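Novice: Below are the chains, spelled out letter by letter.
Protein chains: 2
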Amino acid sequence: MEVRQEAIVKKTDYKNFPMVPRVVFGRGSFDQLGDILMPERKHSEAPFIFLVDDVFEGNELVFRIPLIFNDQLIFISAQEEPKTSQVDALVKKIREDFHELPSGIVGIGGGTLLDLAKAVSILLTNKGSSSEYQGWDLVHNPSIYHAGIPTISGTGAEVSRTTVLLGPEKKLGINSDYTTFNQVVLDPDLTQGVSREQWFYTGMDCYIHCIESLNGTYLNAFSQSYGEKALELCKEVYLGNLTADESHEKLMMASWHGGMSIAYSQVGVAHAMSYGLGYLLGVKHGIGNCLVFQHLEEFYPEGVALFNRMRQKHGIRLPKGICANLTDGDFETMISVSLAMEPLWENALGENWREIITPEKLEYIYRKI
Amino acid sequence: MEVRQEAIVKKTDYKNFPMVPRVVFGRGSFDQLGDILMPERKHSEAPFIFLVDDVFEGNELVFRIPLIFNDQLIFISAQEEPKTSQVDALVKKIREDFHELPSGIVGIGGGTLLDLAKAVSILLTNKGSSSEYQGWDLVHNPSIYHAGIPTISGTGAEVSRTTVLLGPEKKLGINSDYTTFNQVVLDPDLTQGVSREQWFYTGMDCYIHCIESLNGTYLNAFSQSYGEKALELCKEVYLGNLTADESHEKLMMASWHGGMSIAYSQVGVAHAMSYGLGYLLGVKHGIGNCLVFQHLEEFYPEGVALFNRMRQKHGIRLPKGICANLTDGDFETMISVSLAMEPLWENALGENWREIITPEKLEYIYRKI
Numbered sequence: 379m380e381v382r383q384e385a386i387v388k389k390t391d392y393k394n395f396p397m398v399p400r401v402v403f404g405r406g407s408f409d410q411l412g413d414i415l416m417p418e419r420k421h422s423e424a425p426f427i428f429l430v431d432d433v434f435e436g437n438e439l440v441f442r443i444p445l446i447f448n449d450q451l452i453f454i455s456a457q458e459e460p461k462t463s464q465v466d467a468l469v470k471k472i473r474e475d476f477h478e479l480p481s482g483i484v485g486i487g488g489g490t491l492l493d494l495a496k497a498v499s500i501l502l503t504n505k506g507s508s509s510e511y512q513g514w515d516l517v518h519n520p521s522i523y524h525a526g527i528p529t530i531s532g533t534g535a536e537v538s539r540t541t542v543l544l545g546p547e548k549k550l551g552i553n554s555d556y557t558t559f560n561q562v563v564l565d566p567d568l569t570q571g572v573s574r575e576q577w578f579y580t581g582m583d584c585y586i587h588c589i590e591s592l593n594g595t596y597l598n599a600f601s602q603s604y605g606e607k608a609l610e611l612c613k614e615v616y617l618g619n620l621t622a623d624e625s626h627e628k629l630m631m632a633s634w635h636g637g638m639s640i641a642y643s644q645v646g647v648a649h650a651m652s653y654g655l656g657y658l659l660g661v662k663h664g665i666g667n668c669l670v671f672q673h674l675e676e677f678y679p680e681g682v683a684l685f686n687r688m689r690q691k692h693g694i695r696l697p698k699g700i701c702a703n704l705t706d707g708d709f710e711t712m713i714s715v716s717l718a719m720e721p722l723w724e725n726a727l728g729e730n731w732r733e734i735i736t737p738e739k740l741e742y743i744y745r746k747i
Numbered sequence: 379m380e381v382r383q384e385a386i387v388k389k390t391d392y393k394n395f396p397m398v399p400r401v402v403f404g405r406g407s408f409d410q411l412g413d414i415l416m417p418e419r420k421h422s423e424a425p426f427i428f429l430v431d432d433v434f435e436g437n438e439l440v441f442r443i444p445l446i447f448n449d450q451l452i453f454i455s456a457q458e459e460p461k462t463s464q465v466d467a468l469v470k471k472i473r474e475d476f477h478e479l480p481s482g483i484v485g486i487g488g489g490t491l492l493d494l495a496k497a498v499s500i501l502l503t504n505k506g507s508s509s510e511y512q513g514w515d516l517v518h519n520p521s522i523y524h525a526g527i528p529t530i531s532g533t534g535a536e537v538s539r540t541t542v543l544l545g546p547e548k549k550l551g552i553n554s555d556y557t558t559f560n561q562v563v564l565d566p567d568l569t570q571g572v573s574r575e576q577w578f579y580t581g582m583d584c585y586i587h588c589i590e591s592l593n594g595t596y597l598n599a600f601s602q603s604y605g606e607k608a609l610e611l612c613k614e615v616y617l618g619n620l621t622a623d624e625s626h627e628k629l630m631m632a633s634w635h636g637g638m639s640i641a642y643s644q645v646g647v648a649h650a651m652s653y654g655l656g657y658l659l660g661v662k663h664g665i666g667n668c669l670v671f672q673h674l675e676e677f678y679p680e681g682v683a684l685f686n687r688m689r690q691k692h693g694i695r696l697p698k699g700i701c702a703n704l705t706d707g708d709f710e711t712m713i714s715v716s717l718a719m720e721p722l723w724e725n726a727l728g729e730n731w732r733e734i735i736t737p738e739k740l741e742y743i744y745r746k747i
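Protein sequence lines, in the order shown, are assigned to chains A and B.
Counting in my numbering, the first sequence tops out at residue 747, every number present.
Counting in my numbering, the second sequence tops out at residue 747, every number present.
Nothing false has been slipped in among the hints.
Facing chain B, a subset of chain A residues (Cβ under 8 Å, in silico):
(1) Tyr392
(2) Asn394
(3) Ile414
Dumping the calculated DSS-like pairs for lysine-lysine here, alpha-carbon to alpha-carbon at most 30 Å:
(4) A/Lys393 / B/Lys613
(5) A/Lys613 / B/Lys393
(6) A/Lys420 / B/Lys505
Rather than coming from a laboratory, the hints here were simulated on the basis of the structure.
Treat the numbers as computed from the prediction; the structure is a model and nothing was measured.
Even glycine gets a Cβ: it sits at the ideal position worked out from N, Cα and C.
One chain only, chain A, in its complex shape (with noise of 0.2 Å):
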């Protein structure tokens, strides 16, 4: 999940969180997309500004998007993480483009489409660079009206109330009630093209996150029960037989449970440390998870024991050596930055989870990968 950076929370708070307000979910959904912004359209003249994942160039997809009047539009690769300053030039451009606030953003793809959507509606109503805002409540001016539409199942972005950037000093979500989409678009239908792997590794994303976050000392019963219906899902996508349309149906039920789920939890080891290994060496989040958490049977035996089984039923092999050639500041760096990561630790181990978790035995893990 995106939210690892969601940390400040505390077992005694109770965040009054915000719920995505309208979402429609079921095959072939995505047609009733015009219909739905209809109304949200302030004038012919403020547009809608679509933001697409570049692998669907060229695809049918795009020829269904409702674009009328001057909308925009906009090709974003996702092979790297969302930065702030990608943000700034989208909102740059598209504050030339036009005179006027666009009626809304529409973000279709990944966690990384989703998130510049977020975003991007976000800062054409806050003034400055979108690295001012990543933290918690930040933001002042409620953004403009956006919507999200996964092409791939696992982020929970579609559902969170964050957006994780990668900034000029770090890489932190901003975290706001305003970040939350206004409404998502649930067609499973949108996520048959997704390639076995990168279906394993961004489903991978819920399934770490739940079994953290069930296993945490941080949560309650409103996240639990989505927590454990995700995880059930997730079980099933990846263990049961399922038709391939249940299957697209069902996880992307598990990614949106387990986004919500992630209101009253917090994530643990696997994401402490993947955080690390996303600082030093810009591995990117859905396998990073994946590459620690293999090595975590000794925090979560049965949670460890079917991701294996689960990565062996798909024939997935995860890379190797990936910290082989590192040098000890490299290892000291890797492990100082997953030791910051307090509320993570403490979700996992307990208040005293200084005396259970050390530099040695984060090295000891990290050389393994």
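Dock chain B against chain A, hints included.
Specialist: Okay, now just chain B, sitting in the frame of chain A:
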């Protein structure tokens, strides 16, 4: 579930479903209400109106309601199902008492109080009687801000887009996108004082809804995942060995997920027959469903077996002989009311439901009650 009237859903309709945009969950979260309402106060002359179940009169809960300025507290009995005349009278009173629209309406209680709060918030901005809006999407103007705070779990009224009212001609919901609450506060501590019988009947509202929708033909993966989780939580609550705290929390989440599962599902035989019972005899919704459901082993064998185990475990004795002194005309009335619920029968038994369920069979079941 109160949405037995959400009857016109077809399998191929993907409704763009409104979710409650704000929710807080946690023991003691009720005490956040003052902070939550503050930014919604238009100014000191625009009050909040609190509609509160009169079982709380004199209870410490009342003293925790954040009354300021000219806020109004109105105690209402939940002994009978909510009526359109009751809504109209409340709206008239509020209009007479204040020069302008209130800042909002807060319902504190079970399904009856929550439904009244929803309906009053709609009628304050829509002319005429509430009975004119019973049906689907007849409300034109947005309602005023309204918050729901359940004190008993099971109806799903806290999360649904309907408010079921007994009108002069029909019992039917005001189903609209403006019906859904703007804010829900889920504080499991508030459900501590409920009697065993009421706890059982209201929880069974959720349970029976799940059995009907999960066994129906209208289901999709969205509603299935919510319904499955709600059902699982009901089983934990009524057949597991939970602490009182866990039980309150989990039943509150069962009701929440059960309410969400309504988005793309439909109820079945128990609700269709219970509707006849309610129409003729005024039997309340929760107990009416139980009275019918116990005799539906032919349609829901596993569901009824589990229901009987739950009933026995908690020593619930359902009243008997309800239909003992009815005339032939009475049975005809109940049967025709019940058979008119076509989408429920189609959901339960498929397109050829008329070949499976006959007036004779219905009378046979009604006579057992």
